[in-house]
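Knowing the structure of chain A, use the given hints to seat chain B on it.
Protein chains: 2
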Amino acid sequence: MVKQVKVHAPATVANMVCGFDILGFALEAPYDEMVLRLIDEPIIRIINKDDYNLPTNPPDNVAGAALLALMDELDGKVGFEVEIKKKIKPGSGIGSSAASAAGAVVGANYLLGNRFSSDDLVRFAMCGEKVASGVKHADNITPCILGGVTLIRSIFPLDVVQLSSPALHVTVVHPQIEVKTENARKILKHQVELKDAIKQWGNVAGLVAGLLKKDYDLLGRSLEDVIIEPIRSILIPGFDEVKTRCKEVGALGGGISGSGPSIFMLSKDEATALKVETVMAEVFTRLGIDYHTYVTAINNSGVKVFEE
Amino acid sequence: MVKQVKVHAPATVANMVCGFDILGFALEAPYDEMVLRLIDEPIIRIINKDDYNLPTNPPDNVAGAALLALMDELDGKVGFEVEIKKKIKPGSGIGSSAASAAGAVVGANYLLGNRFSSDDLVRFAMCGEKVASGVKHADNITPCILGGVTLIRSIFPLDVVQLSSPALHVTVVHPQIEVKTENARKILKHQVELKDAIKQWGNVAGLVAGLLKKDYDLLGRSLEDVIIEPIRSILIPGFDEVKTRCKEVGALGGGISGSGPSIFMLSKDEATALKVETVMAEVFTRLGIDYHTYVTAINNSGVKVFEE
Numbered sequence: 001m002v003k004q005v006k007v008h009a010p011a012t013v014a015n016m017v018c019g020f021d022i023l024g025f026a027l028e029a030p031y032d033e034m035v036l037r038l039i040d041e042p043i044i045r046i047i048n049k050d051d052y053n054l055p056t057n058p059p060d061n062v063a064g065a066a067l068l069a070l071m072d073e074l075d076g077k078v079g080f081e082v083e084i085k086k087k088i089k090p091g092s093g094i095g096s097s098a099a100s101a102a103g104a105v106v107g108a109n110y111l112l113g114n115r116f117s118s119d120d121l122v123r124f125a126m127c128g129e130k131v132a133s134g135v136k137h138a139d140n141i142t143p144c145i146l147g148g149v150t151l152i153r154s155i156f157p158l159d160v161v162q163l164s165s166p167a168l169h170v171t172v173v174h175p176q177i178e179v180k181t182e183n184a185r186k187i188l189k190h191q192v193e194l195k196d197a198i199k200q201w202g203n204v205a206g207l208v209a210g211l212l213k214k215d216y217d218l219l220g221r222s223l224e225d226v227i228i229e230p231i232r233s234i235l236i237p238g239f240d241e242v243k244t245r246c247k248e249v250g251a252l253g254g255g256i257s258g259s260g261p262s263i264f265m266l267s268k269d270e271a272t273a274l275k276v277e278t279v280m281a282e283v284f285t286r287l288g289i290d291y292h293t294y295v296t297a298i299n300n301s302g303v304k305v306f307e308e
Numbered sequence: 001m002v003k004q005v006k007v008h009a010p011a012t013v014a015n016m017v018c019g020f021d022i023l024g025f026a027l028e029a030p031y032d033e034m035v036l037r038l039i040d041e042p043i044i045r046i047i048n049k050d051d052y053n054l055p056t057n058p059p060d061n062v063a064g065a066a067l068l069a070l071m072d073e074l075d076g077k078v079g080f081e082v083e084i085k086k087k088i089k090p091g092s093g094i095g096s097s098a099a100s101a102a103g104a105v106v107g108a109n110y111l112l113g114n115r116f117s118s119d120d121l122v123r124f125a126m127c128g129e130k131v132a133s134g135v136k137h138a139d140n141i142t143p144c145i146l147g148g149v150t151l152i153r154s155i156f157p158l159d160v161v162q163l164s165s166p167a168l169h170v171t172v173v174h175p176q177i178e179v180k181t182e183n184a185r186k187i188l189k190h191q192v193e194l195k196d197a198i199k200q201w202g203n204v205a206g207l208v209a210g211l212l213k214k215d216y217d218l219l220g221r222s223l224e225d226v227i228i229e230p231i232r233s234i235l236i237p238g239f240d241e242v243k244t245r246c247k248e249v250g251a252l253g254g255g256i257s258g259s260g261p262s263i264f265m266l267s268k269d270e271a272t273a274l275k276v277e278t279v280m281a282e283v284f285t286r287l288g289i290d291y292h293t294y295v296t297a298i299n300n301s302g303v304k305v306f307e308e
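Chains as they are written, first to last, in full-length UniProt numbering: chain A, 1 to 308; chain B, 1 to 308.
Source of the hints: derived by calculation from the structure; they are not laboratory data.
As a list, the in silico EDC-like pairs of lysine to aspartate or glutamate whose alpha-carbon atoms are at most 20 Å apart:
1) B/K214 with A/D159
2) B/K136 with B/D119
3) A/K247 with A/E224
4) B/K195 with A/E193
5) B/K214 with A/D215
6) A/K195 with B/D159
7) A/K195 with B/E182
Excised from the complex, chain A in its bound form (with noise of 0.2 Å):
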């Protein structure tokens, strides 16, 4: 019996601009790295492999909260030892949180001889999110354990689809801003209007058609949020200024990842990704915020796990 695995949990961009709460995708880079242990004991135990003083009490930890909410479903004879090295920082807007939560219980359950479905684990990766930002959402989670670009119909009862989507490539920035989820949604309007309700939903099929289509034109034009952003793009500078000037040098669309700060684009083809990325650098060298670029791939794989 396999009893210690090396587990890579990819970042993830939630919302996919139209597709707020819903939509998401796991990216080829960064992702963190664990390692798990079963162990003869029903705790956990929370080993941090980097510098960002994450807490190690377990229910205070992303990790930790959903090891326990999988833990609840054991018979409580066995518990995990979860060495953690951060690559993903924490606060960046493209699913740090969710990568330590996936990734536990993705580890855990390989462990366990995967008696657990991706349903129960996005359950129990929930709970960690809850720790993270107060709330269960699974928007980050559902495309890191599943990989590819995924849609969370409902939420309660969970019901998850996979998209398949044509290659894309996928150019982030990560100016070194804070930007708090939790403050990110209490700026957002509890009421819109229906007319903007609807243009949302046109993109929004839109933007599915153009996945499964693999309709390049149909998925760029479909890349529109008229709600979300523009009340959260207020809390990244130089928002509008990427978003236009990656789009004039061939990207297809993009926005806010998550709740920001960070800033995605799609292309088609990486040669346009590394002229997105030139742009980025440009935009924020010149307001003088520090930033960090990865030009990357959907990952459709979601997280990995390696026997040691």
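Same frame as chain A, now just chain B:
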């Protein structure tokens, strides 16, 4: 050169439950029968071959207004004589006015050697819809012209997407009560809760994915409208009972056709569609409301033109 054509312009279902103002599909039956003749004068002559006493003054007639819009983009040397035999009852909520408008412009375009694109035809036919309901909407016209299930991602500028679908049987009941499109629109709230809008676009995404992936279960689960139906269904006696009981006998789901009063239900096979018809008949018989039912299927070709 062909001088006369016969046209079959099908009934259509707009909205498709969660897809308010963006989705619609064409039906195999009923359809309007029209005859169009190219004439050497730049005028329009409307001849009604039914008992509905619809206006014959071209700007006041749905087909006439659509043809006037088309003729605005011609050289002013030809016109059209149109005989209309309406089989789709006006006010039934299955796109009676759209059929007249779409049938007229598709037939006229055929006589002109198909010089206009389908986007042009949608644009012309929308001028007919404006005469009928005061609003330039395209959610019946588009499936009527193109056939199948259509998505209007955006209306200004027009962006229409055809969506493939699995075989679907459709049962429609038209209770003989009056619901004016104008009034059905007036009772809607201008503002909606963001949380409801998110549910709705989750369902829209699920419905589009269900259609394209030919996943009947997903399609059925996604046929849920938390925004429009709770308000509009109040205008249709028996609505909730019809819906519940049709699903009990196996319908995938359904709802109000357009702005009502017709109700449609989708089924995987004809046997279920016939059971659904029985249920619909029982409910309206018991309520003492006259009704008419159709058991039909999605029509994938749209308006049909025959040379005479």
